[in-house]
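Going down the list, the protein sequences come from chains A and B.
The first sequence lines up with residues 1 to 472 when you count with our numbering.
The second sequence lines up with residues 1 to 224 when you count with our numbering.
Just so you know, the hints here were simulated from the structure itself, not pulled from any lab data.
No experiment lies behind these values; they were computed from the predicted model shown.
Built from N, CA and C at the ideal position, the CB exists for glycine as well.
Possibly wrong hints are sitting among the right ones.
Covered, in the sense of this in silico footprint (three residues per stretch, anywhere, with C-beta under 8 Å from a C-beta of chain A), are these stretches of chain B [stated by the list, open to error]: (1) 51-64; (2) 75-85; (3) 98-110.
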Amino acid sequence: MSYLKLAQRNLWRNKRRTLITISSILFAVFFAAMMRSFQLGSYSLMIDNAIGAYSGYLQIQNPDYADDPSLDNTIPQLEEITALPQKVSNVKAVVPRLETFALASTGNLTKGALVLGILPESEKNFSHPQSFLVKYRFTNQAVRNIVDNPNITEAIKSKVKILEGEMYPTEKKLADALGDEAIDTTVLNIIKRECHYNGRFISASDSEVVVSSRLAKFLNLNVGDSIILMSQGYHGSSAAGIYRVAGLVKIPNPELDNKLIYMPLSKAQDFTGCYNLVSYWAINLKNASDESLQNTQDVINNMLDSKNVTVKTWKELNRVLVQQIESDNKSGIAFLVLLYFVVFFGIFGTVIMMIYERTHEFGVLISVGMQRKKLATLVFIELIFMALIGVVIGMGVSMPIIHYYHVHPIALTGNTAKMMVDMGFEPLMPMAPFGPYLYRQAIVVLVMVVLASIYPIRRIIKINVTDAIRHR
Amino acid sequence: MAVIEVINVEKTYNESQIKVTALKNINLTIEAGEFTAIVGPSGSGKTTLLNLLGGLDKPTSGRIRVGDVWVDTLKGSKLINFRLHHIGFVFQSYNLIPVLSAGENVELIMQLQGVPAAERRKIAYSLLEKVGLADRYKSKPSQLSGGQQQRVAVARALASKPNFILADEPTANLDGKSAENLLQMMELLNKDDGVTFIFSTHDQRVVNRAHRVVVLEDGVIKES
Ligand SMILES: Nc1ncnc2c1ncn2[C@@H]1O[C@H](COP(=O)(O)OP(=O)(O)O)[C@@H](O)[C@H]1O
Ligand SMILES: [Mg+2]
Numbered sequence: 001m002s003y004l005k006l007a008q009r010n011l012w013r014n015k016r017r018t019l020i021t022i023s024s025i026l027f028a029v030f031f032a033a034m035m036r037s038f039q040l041g042s043y044s045l046m047i048d049n050a051i052g053a054y055s056g057y058l059q060i061q062n063p064d065y066a067d068d069p070s071l072d073n074t075i076p077q078l079e080e081i082t083a084l085p086q087k088v089s090n091v092k093a094v095v096p097r098l099e100t101f102a103l104a105s106t107g108n109l110t111k112g113a114l115v116l117g118i119l120p121e122s123e124k125n126f127s128h129p130q131s132f133l134v135k136y137r138f139t140n141q142a143v144r145n146i147v148d149n150p151n152i153t154e155a156i157k158s159k160v161k162i163l164e165g166e167m168y169p170t171e172k173k174l175a176d177a178l179g180d181e182a183i184d185t186t187v188l189n190i191i192k193r194e195c196h197y198n199g200r201f202i203s204a205s206d207s208e209v210v211v212s213s214r215l216a217k218f219l220n221l222n223v224g225d226s227i228i229l230m231s232q233g234y235h236g237s238s239a240a241g242i243y244r245v246a247g248l249v250k251i252p253n254p255e256l257d258n259k260l261i262y263m264p265l266s267k268a269q270d271f272t273g274c275y276n277l278v279s280y281w282a283i284n285l286k287n288a289s290d291e292s293l294q295n296t297q298d299v300i301n302n303m304l305d306s307k308n309v310t311v312k313t314w315k316e317l318n319r320v321l322v323q324q325i326e327s328d329n330k331s332g333i334a335f336l337v338l339l340y341f342v343v344f345f346g347i348f349g350t351v352i353m354m355i356y357e358r359t360h361e362f363g364v365l366i367s368v369g370m371q372r373k374k375l376a377t378l379v380f381i382e383l384i385f386m387a388l389i390g391v392v393i394g395m396g397v398s399m400p401i402i403h404y405y406h407v408h409p410i411a412l413t414g415n416t417a418k419m420m421v422d423m424g425f426e427p428l429m430p431m432a433p434f435g436p437y438l439y440r441q442a443i444v445v446l447v448m449v450v451l452a453s454i455y456p457i458r459r460i461i462k463i464n465v466t467d468a469i470r471h472r
Numbered sequence: 001m002a003v004i005e006v007i008n009v010e011k012t013y014n015e016s017q018i019k020v021t022a023l024k025n026i027n028l029t030i031e032a033g034e035f036t037a038i039v040g041p042s043g044s045g046k047t048t049l050l051n052l053l054g055g056l057d058k059p060t061s062g063r064i065r066v067g068d069v070w071v072d073t074l075k076g077s078k079l080i081n082f083r084l085h086h087i088g089f090v091f092q093s094y095n096l097i098p099v100l101s102a103g104e105n106v107e108l109i110m111q112l113q114g115v116p117a118a119e120r121r122k123i124a125y126s127l128l129e130k131v132g133l134a135d136r137y138k139s140k141p142s143q144l145s146g147g148q149q150q151r152v153a154v155a156r157a158l159a160s161k162p163n164f165i166l167a168d169e170p171t172a173n174l175d176g177k178s179a180e181n182l183l184q185m186m187e188l189l190n191k192d193d194g195v196t197f198i199f200s201t202h203d204q205r206v207v208n209r210a211h212r213v214v215v216l217e218d219g220v221i222k223e224s
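The whole structure should be built from the sequences, with the hints applied where relevant.
Laid out in structure tokens, this is it:
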């Protein structure tokens with residue numbers, strides 16, 4: 001009769017108590033793992049959306065650019081940097097950008113704009129601005145035609161009136177704007193036809209520009225119109241130009257949607273006089289974990305050692321996002337700690353009960369010659385048994401679910417979704433992939449079980465034999 | 001030399017402010033092979049005395065010798081070890097470990113002593129045979145009657161090859177017939193194998209079977 005077997009039988013003896021204890025441990029592991037996974041998943045989505053889809057995980061800049069992001073602190077368009085994806089295995093893509101502020105005007109309307117010189121082809125796989133191209137717009141004419149159409153219900157007409165001026169890059173977004181209920185396909189087709197908006201994204205050799213939707217609305221711009229840009233160029237030169245609008249883009253981030261103008265890089269360089277210069281290079285990585293981020297930063301820094309450039313991580317560039325994640329993370333961890341406390345006291349309670357119920361038995365065992373330490377070990381083995389079973393099942397249940405929701409993120413709907421979209425985030429709740437955080441939950445819960453057993457086990461060691469024998 | 005020698009023992013419980021003197025001026029010797037009953041009404045100090053003899057509790061003053069060891073000076077794991085090798089215990093009820101079968105309960109003591117598995121199995125079997133329960137080796141305590149459980153407890157007490165067996169009111173929870181059976185069995189063990197028994201009781205029928213009677217009254221030995 002080994003102790004393990006004895007422990008196993010003791011657990012079997014009071015099945016209900018054992019099951020309750022195991023399930024409380026199981027649920028603790030499950031909830032902790034799920035919660036943490038949702039949290040970490042939402043952070044990486046946030047990072048993907050904000051960083052991966054625009055600023056890049058790393059940027060190569062002039063060392064002075066961070067303090068003074070002006071055209072005077074630009075860097076040359078280096079061959080070495082273009083070749084990075086071939087040379088550094090973790091680099092997925094690299095794009096050059098030239099950024100400058102300009103006054104944009106049409107007729108008597110003027111507004112500040114951010115002119116972004118890009119390589120359209122490279123950018124397609126990086127920040128994919130072409131996917132924001134406006135394909136539907138409720139122009140004046142479109143709204144009038146829809147209102148006059150006898151086949152369309154009054155409810156939809158009144159919605160359409162409200163949407164006058166709005167723009168959409170996809171049919172789905174157009175349909176979503178019309179309401180939560182699915183609309184009849186023939187009606188949708190009529191609206192699509194009426195709202196159809198021409199426009200194309202720029203290519204490298206174009207001399208046209210693409211304008212963000214809110215800026216275009218403010219300037220009363222349409223495809224085919226011209227826009228005048230005025231700015232200060234390289235080393236104080238003056239920059240001015242007139243550009244035709246090739247298309248409009250609806251950028252998810254509202255702030256950018258208010259001011260962005262895409263221009264082919266070479267034209268932006270002509271405009272500013274920054275020949276062969278860029279503001280920075282944005283780099284996307286295959287693996288963006290903290291460790292890889294650091295390593296890749298070091299590798300590229302070393303490669304470009306002689307070039308008077310510096311490599312910055314997104315954490316250095318986007319402190320606001322880092323802080324946002326950190327503060328959210330803190331409240332998440334506080335919640336986890338609360339959960340651990342609940343587990344602790346749950347287990348503590350059942351262990352105390354168990355000790356109480358078995359006091360007589362413990363008294364008999366010590367009387368007949370079982371050493372107190374052996375007895376304590378036996379009870380400890382029982383607890384660890386339950387903890388392990390709970391943790392293993394808890395992990396076993398959470399892992400497939402986490403994997404599933406990592407691959408198929410939960411799609412948010414309603415107002416939360418709209419809010420997230422407006423802020424430039426995908427309305428998704430993905431779970432993080434498996435990682436050390438998962439095993440950490442298991443370990444923390446195990447530690448909680450051990451901590452919860454300390455006091456009860458000390459009580460066994462200190463038990464008064466004669467009292468224990470009298471105990472019923 | 002007597003197996004047990006009790007010299008001027010006094011036991012006072014000091015719990016919860018009220019002082020209770022459970023035993024006063026106890027002097028007693030017990031020889032090997034005795035079949036002795038400690039008799040007295042409830043609260044007279046029987047359990048207290050047996051606990052002291054078994055090293056489960058310490059006298060407030062006085063000395064207790066078991067074999068050639070002064071048990072009142074033993075402490076901690078040494079004391080537990082001493083009990084394991086020298087004293088057999090039978091309690092009033094719920095003596096057995098519920099998750100272990102009758103045989104395993106007997107084996108447990110030998111396992112604690114470090115007896116090899118095959119040997120302790122053999123001994124456990126023969127001890128159960130001795131108490132008339134060879135066929136109940138695999139039965140769980142809950143499947144046995146109260147009387148059968150007490151017999152297994154006696155077998156378990158014998159398993160350590162103790163100097164003597166202490167039994168605190170072993171028949172108190174048994175019906176008359178089971179009590180009679182248990183006592184007969186104990187007597188037989190005493191007669192055939194020379195096992196020393198010290199048991200407490202307040203049942204006159206049990207007292208009648210004892211070879212020696214120690215009468216306790218209010219913590220004082222009236223007659224021995
Ligand atoms: N742990 C204890 N604390 C306080 N008083 C006790 C304790 N154990 C026994 N007593 C008291 O000591 C006296 C003797 O008790 P006990 O030895 O149990 O008698 P018996 O076994 O003959 O019924 C009683 O008055 C009882 O209340
Ligand atoms: Mg008693």
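Hint-by-hint comparison with the structure:
1. Coverage of the region 51-64 of chain B by chain A holds. Counting CB-CB distances below 8 Å, 4 residues qualify, and the rule asks for three or more.
2. Requiring three or more residues with a Cβ within less than 8 Å of a Cβ of chain A, the coverage given for the region 75-85 of chain B holds, as 6 such residues are present.
3. For the region 98-110 of chain B, the proposed coverage by chain A is satisfied: 7 residues have a C-beta within less than 8 Å of a C-beta in that chain, meeting the threshold of three.
Of the numbered hints given earlier, the model fails none.
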